[in-house]
Amino acid sequence: MIEAPDLSLSALSPFLFVFGAALVGVLVESFAPRHVRQPTQVALALVGTVGGFACTLLLAGRGEVTAAGALAVDGAGLFLQATIAGLGALSVLLFAERALDPARSAFVASAAVPAGSPRDRELLTDERVQTEVYPLATFAVGGMMLFVAANDLLVMFIALEVLSLPLYLICGLSRRRRLLSQEAAVKYFLLGAFASAFFLYGLALVYGATGTVQLAGIRQSVTDDGTGTLLVLGLGLLVVGLMFKASVAPFHTWTPDVYQGAPTPVTAFMAACTKVAAFGAILRLLYVAFGTADWTWRPLVYGIAIVSMVVGAVLGLTQTDVKRMLAYSSIAHAGFLLTGVIGLDAGTGSGLAATLFYLLAYGLTTVGAFAVVTLVRDGDGEATALAQWAGLARRSPLTAAIMTFLLLALAGIPLTSGFTGKFAVFRAAIEVGAWPLAVVALVTSAVAGFFYLRLVVLMYFSEPAEDGPSVGVPGLPTTIVLAVTVAATLVLGVVPGSVLDLADGAARLVG
Amino acid sequence: MSLTNYLVLAAILFTVGAVGVLVRRNAIVVFMCIELMLNSVNLTLVTFARSTGTLDGQVIAFFVMVVAAAEVVVGLAIIMSIYRTRRSASVDDANLLKY
Amino acid sequence: MLATYAPLVGLFVLAAGFALFSVTAAPFIGPRRYNSAKLEAYECGIEPVDQPLSGGRFPIKYYLTAMLFIVFDIEIVFLYPWAVANDQLGVFGLVEMVVFIATVFIAYAYVWRRGGLEWD
Amino acid sequence: MDTVPATGLLASSWLLIALPLAGAAVLLLGGRRTDRWGHLLAIGTVTAAFVLAVLSTVELAGLDERSVGVDLFTFISTGRLDVGAGLLVDPLSMTFALLITGVGALIHVYSVGYMAHDPGRRRFFAYLNLFVAAMLLLVLGDSFVALYVGWEGVGLASYLLIAFWYTRPAAATAAKKAFVMNRVGDVGLALAIFLMFTQLGTTSYEGVFGSVGLLAGGTVTGIGLLLLLGACGKSGQFPLQAWLPDAMEGPTPVSALIHAATMVTAGVYLIARSAPLFDAAPVAQTVVVVIGAVTIMIGAVAGCAYDDIKKVLAWSTVSQIGYMFLAVGLGPVGYAAGIAHLLTHGFFKAGLFLGAGSVMHGMGDRTDMRRFGGLATRMRTTFVTFGLGYLALIGFPFLSGYWTKDAIIEAAFDRGGTSGWVLGGVAVLGAGLTAFYMTRLVLLTFFGEPRWEDGVHPHESPAVMTLPMVVLAVGSVGAGFLLVEAFPLADWLAPVFGEPEEATAHAIPPLAVSVLVTVVVALGVLTAWLLVGRREVPTTAPARVSAPVRAARAGLYADAVNEAVFMRPGIRLVRALRVVDDKGVDGVVNGIGAGLGGSSARLGRAQTGFVRSYALGMLGGAVLVAGALLAVTAG
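Chains as they are written, first to last, in my numbering: chain B, 2 to 512; chain D, 2 to 100; chain Y, -11 to 108; chain H, 19 to 653.
Calculated from the structure, these hints are not laboratory results. Every residue gets a Cβ at the ideal spot worked out from N, C-alpha and C, and that includes glycine. Be careful, since some hints might not be right.
Quick look at which bits of chain H chain B covers, simulated, 3 or more residues with Cβ under 8 Å [said to hold, decoys possible]:
| no. | stretch |
| --- | --- |
| 1 | 163 to 177 |
| 2 | 195 to 209 |
| 3 | 242 to 249 |
Pairwise CB distance ranges (calculated) [as the list claims (entries may be wrong)]:
| no. | chain 1 | residue 1 | chain 2 | residue 2 | range |
| --- | --- | --- | --- | --- | --- |
| 4 | B | Pro40 | D | Gly54 | 54 to 60 Å |
| 5 | D | Val60 | B | Ala33 | 33 to 39 Å |
| 6 | H | Asp136 | B | Gly62 | 43 to 49 Å |
| 7 | H | Gly225 | B | Leu59 | 38 to 44 Å |
One-sided and incomplete, this derived list gives chain B residues near chain Y with beta-carbon spacing under 8 Å [unchecked claim]:
| no. | residue |
| --- | --- |
| 8 | Ile3 |
| 9 | Ser31 |
| 10 | Phe32 |
| 11 | Leu180 |
| 12 | Thr230 |
So here's chain B without its partners, still in its complex pose (with noise of 0.2 Å):
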């Protein structure tokens, strides 16, 4: 007979109210009448992401391995998976946004119908929407969950692939300029299978290394018999699919291409979602696997955080589109991010709340910054030219000023969470004695506040064009997503003594 794994059901709740969510949404799509499948989807898609918000909060404080030693239920998974479901709900609410375009979604009426042809012409103003999008986001929610609870690299690359596949699929569903949107899928699908490929061929070597995928086995391998070649060569294999996941440069070329392509309520997804999930399994295999022989990866990514940090604030100086420049930021804010990696030592725990809240920080403000984004519109859907946004504050000073508060967040000018959050880090990278990093990300932070600076100095000092776009009116769905990452901004900006509590009594990785 063989013994049944303990598995904790109450352990598990975020991800069944997620997963079961999505499979509901999935029974809606295939029995709901058309016409009540969007509430139903919208609703359904909140209830999981809330839900899952609301297990995580309920499990706070537990630190124990379950599912056979598959899952780990810690402080910082479970911060992390609170983010990422919060994250998870505001952007389900940009999804569901209806009010802003004529052509009432940002996603397609129908996938099937090709790009261009006389009938998607037709359907551009359909009621019509591919609801599909609810339940395949919600999925990727649930993934990127067990991505950062995932305490076995078998679970990690399952989890890995939970999240990715739906996200490529809805990136390809934008209603207008849908061939961008097919091209940033493509491209988005075939270089993340090529990566999660070298997440494999790295699991597969650290297997043959260790002879065991759990990351405690693992360590318990690595402390025993030291690490050797084979073991080294999948350490960097693995790195490399999840730094792909996480676009840091030099494994950030699609991230730019993919985020100006999708519709923009998904780019915020991604952006923010994909971020966390990816960050929080980084800091699971680097600290809980490879913990005990930190001198081999800490070099790699001292370098890796580097480049990531110049390529990202360098290459976004010249951007001409929004979507593009925001892409750039967020490559420079995964350099920022491993600086607080870096900073994590395991003695002193600052680095992991450093960047456990960084990455909070840092989600509100991406989701809210494209949230604007979804707003300033010309009669082909989302103006997002830079030179369109010229003189915007003086067509809607509202938008203007919501949007160059979170670009100022994003600079991390004091006062709001971004300063708040690199503060944080590199103070943890500095305690460790990276200064020169800490040097290096001021350096390039300066040098990224330009272009978030090029914008605000655009929206305030340049003459409106002619036929510059209009500003919409958003719906409720919006208007709740903008007051939540604004207020959020704000509050860990100016009185961020509590989360930075929370997220310090939550830095605890078991393993």
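Once you have looked at the hints, place chains D, Y and H on chain B.
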């Protein structure tokens, strides 16, 4: 016959797949190359399962197959939708997004 | 013990070197003659017949059916180990398998309701 | 220095900052609804802050422990990191608060007249209020982090105000230049704060100064030099001086408040506030002194060559702040002298700028002095107030500048040795040059034949503008005597800098210094009169001039030097801006990239859009990662 030979074969297959991704233009072929990479990993896993005397490798190989199948479905759906618009499956033609 | 894998590393380097060499050398020394045949799939030396990617088209239903077959076929892979060890896995294994199959059925229901199984 | 908790009125010092901040918020968020009464609200908040500052100062003066801490709230408190937001009310910070709110209120009033016809008046007052709030935070904060927040805040306000007339390409360019150069300084300040954090785990003044002794000498020097870099950026000191004259593109009240009286003196405040740090780092102090001396000369020489009335005043500001740096770099003997000069300079330079603004107002916004002349009779109030400010600046006996500048020159000589003589000599020479270019300015503007362009009808400005000028003129006359003789500032500031020491042995007697300075100043005035006052003034600047004049006209090639040495990216941007000006600010902002942008664009080419090249990049990255890891483990 030494197990190393299997590992070497797998490494060669993986490299062939990776090079194929770089040099082939047809999206379907690129995708097949990625599948080749995944399957070379499967070979590696099974070999290691044998050499370490654990079953994990074989189990993982199963999971990889399933994931690969799911990837095929998603991938082909995406490639087909773009093909229907562009009438081309060349990855080099999908080049609107750049710089 | 790990030293035994050193040849593997050597091979890696060799393979990577070869790949890099071929990729960099090809544009310089290779002739460039692009034609439609280059985009065609290789079919065992037989003259390729109508193919979706080079002119002619298969009906979409072939594609759909093939896809569905692969996806549902591959799930069987999980049933085999369970079937072999069923008596040792007990109730827990059974429950897990039912959950698994139920999940697959949800996907199946979607395919069925959306007309994925209809040939015409 | 022990800080006691605040009681009574001092506990509500946060209102000082909150009032103008609330004003700015109402004006910015209120939109057009506040157009009609917005400026009155702005004046109200600053005036209320001033009244509060006066009352607080009186209360503070009555306390035994004249250093009061006000805890506001805990910003970050987690683990070993504890960053509170609190205020430090002590003689130094209250002195600054009085200057900021006092001069600020006057300039707010003046702006009502100056900006009366500008469509953006509400925005202007909002920025001004924002500036006052940030500046108060800068001086009242009780830690370097609070100072940094205020520091960035005033930078933002300054940037917004320089670019206030953003449709003028020159204004946008100048704003960019100011921004870039200030960033250089800000990085220095930020690094200094990080260094304190890593070494001491705190950034509060109390904590840092209390444990200066624990630090290695090199670290203290490093912190000092980094702070100095920050101070140089904000205060327009060598080698970051070039932005300040360009910043005159902003409206004149801005030049008076921000770029003469308050913000640019923040560097002096920073060094004075960090006195315990600098006292422990003689090397850093020496660098401060040298920078001060060099800047005195640069500012004074460049001031002689410009024909733009505001630029001359701006170079004069650069030079006068050089005096302050010189003073605070001298250590305990100079702190009070430097602050005193800062205060009197705040009065007379603000007055001069307002006067210049009044002249421009009457002359249809022209700034070329060669097109002025003979205005003394047409603009009587302006002439008298400007004249008093002028006399105070050149150090006419018993006016403000005389008392405070002489004190600095004395202190420089008292340093002793060769360096004392060199520094003293530079300071005296600077005073002579100041007398020369200011006399030239006054002669060109107010005396001689009118050289007005057609259609210009000079007229006196309205009372709302002249009244602040009169008040400032009174300050220019009397402040020096009050601060040096009547109520010595050194005694008032004693809780911060320690009891003033009586210099035991003077290198040369104070009286001799006074006489020397007065003679040199008289020589400067005389030279100016001989060269300018007695001759016909050409209405265009002569093109064929000697090399020194050309150099001075180019601001001593400060831009060129800065460009060549380390401002290349910033300047390239400025040039790129010129090229793309016609595209408006869109082009301007695109020009930001020009420096870094070259590399950015080249790197961007790698983003070809081809999936296969991306995959190649990833494969290359993977090989690098594997190689790096193997190298680390093998090595």
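Quick rundown of the hints versus the structure:
no.	hint	in the structure
1	163 to 177	holds (count 3)
2	195 to 209	holds (count 6)
3	242 to 249	violated (count 0)
4	B/Pro40 / D/Gly54: 54 to 60 Å	holds, 55 Å
5	D/Val60 / B/Ala33: 33 to 39 Å	holds, 37 Å
6	H/Asp136 / B/Gly62: 43 to 49 Å	violated, 59 Å
7	H/Gly225 / B/Leu59: 38 to 44 Å	holds, 41 Å
8	Ile3	holds, 5 Å
9	Ser31	holds, 4 Å
10	Phe32	holds, 6 Å
11	Leu180	violated, 19 Å
12	Thr230	holds, 6 Å
The structure fails hints 3, 6 and 11 (numbered hints given earlier, in ascending order).
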